[in-house]
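Asker: Given the coordinates of chain Z, assemble chain P onto it according to the supplied hints.
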Amino acid sequence: MTAPSTAADRARSRRELVLVGLTGTAFATALGVGAALIRPEQFWLVFLVFTACSLSPSVALAWLLLGGGRRVQGDPHAGENVESRWLEKAAAGALFDVIPAAALTAGAVSLFELDLAGELALVGVAAFALVDGGLRYAMLTRRES
Amino acid sequence: MRNDLAERRAQLGWSQAVLAERLGVSRQTVISIERGRFDPSLPLAFRIAAVFGARIDEIFSPAENAPATEPLG
Chain Z
699 MTAPSTAADR
709 ARSRRELVLV
719 GLTGTAFATA
729 LGVGAALIRP
739 EQFWLVFLVF
749 TACSLSPSVA
759 LAWLLLGGGR
769 RVQGDPHAGE
779 NVESRWLEKA
789 AAGALFDVIP
799 AAALTAGAVS
809 LFELDLAGEL
819 ALVGVAAFAL
829 VDGGLRYAML
839 TRRES
Chain P
332 MRNDLAERRA
342 QLGWSQAVLA
352 ERLGVSRQTV
362 ISIERGRFDP
372 SLPLAFRIAA
382 VFGARIDEIF
392 SPAENAPATE
402 PLG
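Protein sequences, first through last, are from chains Z and P.
First residue of the first sequence? That's 699 in the working numbering, and the numbers climb one at a time after it.
First residue of the second sequence? That's 332 in the working numbering, and the numbers climb one at a time after it.
Next comes chain Z alone, as it looks inside the complex:
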């Protein structure tokens, strides 16, 4: 991304940032209100938590739709980089690790009659996949660079 070179460019950039910020905040607030309406017994807590958690992705989405993200062009050679190959290998490895890990966890929960909440299990699967994929990617960068 190149820096704006004229005063008009800088002014347009500031206006664009304000628009992105306001739109993202409005969208996050709407999500927070929607979630709070589903759980009215803890309205303000749910509203604050959902708004705060969705603020960053909402602003990022606004940047993609209304800001500089519209002008970003994809790299035509992105798939030819070694980093893409590492990412694919790490993701494939993580997938094949998640399957037995989830199966072993399901077996343990069943065997020991553990009370595992569904949302906790799903978060655990996502966290395991992220950590496993991240570690695999790190190992590939050290081994193959």
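I should point out that these hints are in silico values taken from the structure, not numbers from a laboratory.
Glycine is no exception: its CB is placed at the ideal position from the N, C-alpha and C atoms.
No false leads were slipped in.
One side only, chain P facing chain Z, incomplete, derived with CB under 8 Å:
no. : residue
1   : Ser357
2   : Thr360
3   : Pro371
4   : Ser372
5   : Pro374
6   : Leu375
If the Cβ cut is set under 7 Å, some of the chain P residues that face chain Z in the computed set are:
no. : residue
7   : Gly355
8   : Val356
9   : Gln359
10  : Ser363
11  : Arg368
12  : Phe369
Have a look at the derived ranges for each label pair, beta carbon to beta carbon:
no. : chain 1 : residue 1 : chain 2 : residue 2 : range
13  : Z       : Leu720    : P       : Ser372    : 41 to 49 Å
14  : Z       : Pro774    : P       : Ala385    : 20 to 28 Å
15  : Z       : Phe794    : P       : Gly367    : 21 to 29 Å
16  : P       : Gly384    : Z       : Gly767    : 34 to 42 Å
17  : Z       : Ser711    : P       : Ser372    : 32 to 40 Å
18  : Z       : Gly822    : P       : Ser372    : 32 to 40 Å
19  : Z       : Leu802    : P       : Gly367    : 37 to 45 Å
Answerer: What follows is chain P alone, placed relative to chain Z:
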């Protein structure tokens, strides 16, 4: 695959970053290709050959322990 990318690049006085920019790939990709740890895609191999004004088979060659293949018929 083996290659003489590093030698050809050095003859032209290019850094890995310069070659990467000319090929449209990351510097790490050039490093991995030169070390024989990453085989380029066919389009990238053609671009490498074009950049050095050579044929692909003049730059790349099978590794020593690659299985030999006989033409059929």
